[in-house]
Structures are given as structure tokens and as C-alpha cells.
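Colleague: We have chain A already, so just place chain B on it with the hints.
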Amino acid sequence: MEKVYVDVIVKYTKEGQKLPLTVIWKDGRRFEVDRVLDISRAASLKVGGQGFRY
Amino acid sequence: MSWDANSPDNTDNADNVNSINIGDRHEGTGSGRVILHSDLNNFYASVECLHHPEIREKPVAVCGSQSTRHGIVLAKNYIAKKLGVKTGEAIWEAKLKCPGLVVVHPNYALYLRFSAEARRIYKEYTDNVEAFGIDENWLDVTGSVKLFGSGFTIACEIGERIKKELGITASVGISYNKIFAKLASDLRKPDAVTFISEDNFKDIVYGLPVRDLMYVGHSTGYSLNRMGIFTIGDLAGASLKLLTGKFGKWGETIWMFANGYDITPVMKNDSEPVIKGVGNSLTTPRDLTCNEDVRILFCVLADSVATRLRRHHFKGRTVQIYVRDSCLGFIDRQAKLGDFSNISTEIAAKAYDIFRRNWDWSKNIRSIGVRVTDLATTGGGFLQTTIFNDDARIRLEMLESSIDRIRERFGNYSIQRGLLLIDQRLNANPAEENIIHPVSYFR
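Protein sequences appear in the order of chains A and B.
For the first sequence, this note's numbering begins at 1 and goes up steadily by one.
For the second sequence, this note's numbering begins at 1001 and goes up steadily by one.
By construction, these hints were calculated from the structure, which means they are not laboratory data.
A quick note: this is a predicted structure, and the numbers were derived from the prediction, not measured.
Heads up, some of the hints might be wrong.
[What the hints assert, rightly or not] In silico DMTMM-like pairs for lysine to aspartate or glutamate, Cα to Cα no more than 25 Å straight-line:
| id | chain 1 | residue 1 | chain 2 | residue 2 |
| --- | --- | --- | --- | --- |
| 1 | B | Lys1189 | B | Glu1252 |
| 2 | A | Lys46 | B | Glu1117 |
| 3 | B | Lys1336 | B | Asp1390 |
| 4 | A | Lys46 | B | Glu1165 |
| 5 | A | Lys46 | B | Glu1057 |
Excised from the complex, chain A in its bound form (with noise of 0.2 Å):
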């Protein structure tokens, strides 16, 4: 497993949140994201790194 940078489109709303719409792979191909089922923070313990998991 590796870890991947990818872009994102993120809808920021009124309340502060920061929602992940549409991920963009590196050969362009989009996927969208059909439901937010968690948002928490958490490390990454296999690929490395601490943050926001969605």
C-alpha cells in the first residue's frame, strides 16, 4: 500500500464543515463521492500520517 496526493473538491459550508465532493485521481479520472459516512481524526498507521479521515 502507498500513499497517493490527490485533488479534491471540497464544499465548505455555513456551519465551518469541510465536505469532500469529488476526488481526482492522478489520470484524471473523477470520482464522485456518493456519501460522507464518518469524519474523524485519526493516524494513518499503514501508508503514515495523522489527520481528518473521511
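Modeller: For chain B alone, kept in the frame of chain A given last:
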């Protein structure tokens, strides 16, 4: 799930956390306080290993730069520790013990972010959070137990959240005062919760070596040993008169610590500590060998100190210098300025003057420091000024404030004194580059 080969298996169930429950009661006893001390395990190394899974199963040490003569071990992971690598030793010494050692350079911005994230977690349980360096904090949760559960429950929850949200581990100590809470967190590492109560502290603490006590360092420990005091229990039972006779007020302080009488409060996170002095020091990339080298360094350090004084709205009247030679001996001296000042040129000139009067160049210099104390505020306070024409000083103050603004916008190196062109290797930005020290317990 545990990725650290040296830590025990961890689960999300607080009951299974690697912990010692000593005594039947987990909450504050007699004195009523419930104090936690949280210590992030092998902090720098843990953060680096989190971000680089490929080195996790190897011995890792975070080390300063050898080229700028900061090449010592700042932190190591448990694998390196087992192979004998020690914090503070030189890289070459560490590699002799551990030829496969992975050396990583520090990323202070990242560590500061993790430190802030840990404090964010602590502040969800109490606003009485006091930092002691970048990776240790005291928490007074006395007023929080009715909301969140016992001190033990809070400590376990904090430990689990740090693991889940930050991907590193912490040792948390619980007791009724700050000293014992810190001793408790030191007892078991990594990833553990340890409780010392008023009922059982003698059993746990009194057998420990006296140097384990906070602020009993090498020199005090040696002196205590020579008096026949080898354990914290020996110190607690020693004559207070004997200790104060030998160590003065300090003797009383460490006696109080050993007996569990420390009552110092955990400072609220929104209270500013009283600043008694502002200083910077540097270990230079090469030894300083002549007065001109020293002038350059004082210029660099005084610039940084003056900027920080202005930022905090202070002026100071006493300049202290600290000089360490190439054999690691050192002197510190001080003298008063004619007037309160936060002007870099005045501070540098006074520092240099003190230096010229106290250094005979029998040895070259390895590191040097400048500190301004005897502070007074410039905003709203009253400062005794001179009755003589002060226009020149006022213009200097305005000039240096302008330099501050340029540096804020364009960086520290965007505008520099011409003197620094003589040897650019001696140039530095001490206020922002690798200066992280534990703050004093005594504020």
C-alpha cells in the same frame, strides 16, 4: 492494533490498557487533587516512525545536524534504545553501538503540530493544562471527575485517544501532586497508565533512586549520595535542617517534593507565564577564535533577543552572557545597561563589553548566549526615562521596529546587518531555528 514491535498489544478497551492499578482507589485521596502527567513516548522518533512505516521495524534515532555541530541523538525508538543508543550522545557514538541505525533529521514544525494536537485532546477534559516542554503536560482533572469519570478512566481514555488520533503512545501518571504524577508516568513506558496515591506512595516512590526525583540532577544527586542519601525515601526522612544547611532553600524544596508535600497548582492553559528574561544561545558550526567572531554572534543573538523583547512589549536593563569553550567549560556574567532597552545594537554592545572584560582566549569558544533580564513592560506601564535628549535612541527603536516588519513579511534573512557578511556561516535565526527547551517548573 500495535505497530510498535516493542509495545504490548493494545485494544480499545480501557480495562486492557497496560497499566498498574495500585491501591483500591483510583480517585484523589485526602488532598482532593487528581493530577495527571502525560508523557508522549519517544516523541520525535515516534512521530517520524508514524510518518515513515518503512523504518518502523529498524533502530531509529532523530539527530541534529552534524555539519552545524548539533549532531547528537535527540530521540530514539525502542529498538534503538534496546541496542544501547542513548539520548544526548553523539551520532558517531550511537552508530558504534548500532551500525544499522537509521538517522533522521528533526522536523520541528511537525513535532510542534503533534504537541498541539495532544494538548487539544487534553483540553477537552480540563482547562488546567500545563506544558512542560514539547511532549509533557500536567492536567488537573480534579474538577472533571464528575463529568468524565475517575482520574484513571480519564487517563486511559486520553491514552487511547492519543493512540487512535495521533498514532503515537503516551505514558500517563496519576497522583495528588505534580511531582508524583510525573514520577508515575516515568515508571512504566511505553503506553501505560500508573497511579500513585497518598496511601501507597511510600511503597512505590521511596525505594527509587534519589536522582529520579524532579530537579535532583547529577550534581545534587552526587552531593546527596555523599551525605548517605541514596533513595527518595532517604531524602524524605532526612533532617530538613541538614538539607537547608547544605542546599539552602533548594534543600527545603526537594525535601517537600520527596514527602509529597508539593502543592504547586497546574497552571491554566490560558494564563501567560511570567516572563523573567528573554535569551538566545547558539552552538556555532565552527569554533569562535577571535573577538570579531564573537561580535558577529552577539549581533545575531542580540537581534533575535531584541525582536522577541519588542514582540512581547518588554525592555530590559540587565544583559547576561553565557560562553562555553571548546572543552565544554563555561562562564556566565552580567551587567546593567544605562537604561531599559530593547535595542539590538545596545544589547550587543553591552554583551560584547562584558565578554571583553571576562574572556582571556585561553580556549576557543563553542557556544555563546545572550539574555536580557530585569524586564519592564513598554505597553501601558511606566518606565523611568532619561532626562537627556533621547532622539537618537528613539530613531534606533523606530529603525529596529521597521526591520521587524520587513522580516515579518519577507523572512528573517531578507534584511541583515552588514557585519554578518564577514562570515555567513555564523549567521542564524535562533528564535525560529531548533530552539525547543523545557520550560522551568518554577515560574
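Colleague: For every hint, state whether the structure bears it out.
Modeller: Status of each hint after checking the structure:
1. Only pairs whose Cα atoms come within 25 Å are accepted, and B/Lys1189 paired with B/Glu1252 is rejected, the gap being roughly 30 Å.
2. Between A/Lys46 and B/Glu1117, the direct Cα distance comes to roughly 20 Å. Compliance with the 25 Å bound is thereby established for this hinted pair.
3. For the suggested pair B/Lys1336 and B/Asp1390, the alpha carbons sit about 19 Å apart, so the restraint of at most 25 Å is met.
4. Of the supplied pair hints, the one linking A/Lys46 and B/Glu1165 holds, its CA atoms being roughly 14 Å apart against a limit of 25 Å.
5. Between A/Lys46 and B/Glu1057 the alpha-carbon distance is near 13 Å, which keeps this suggested pair within the 25 Å criterion.
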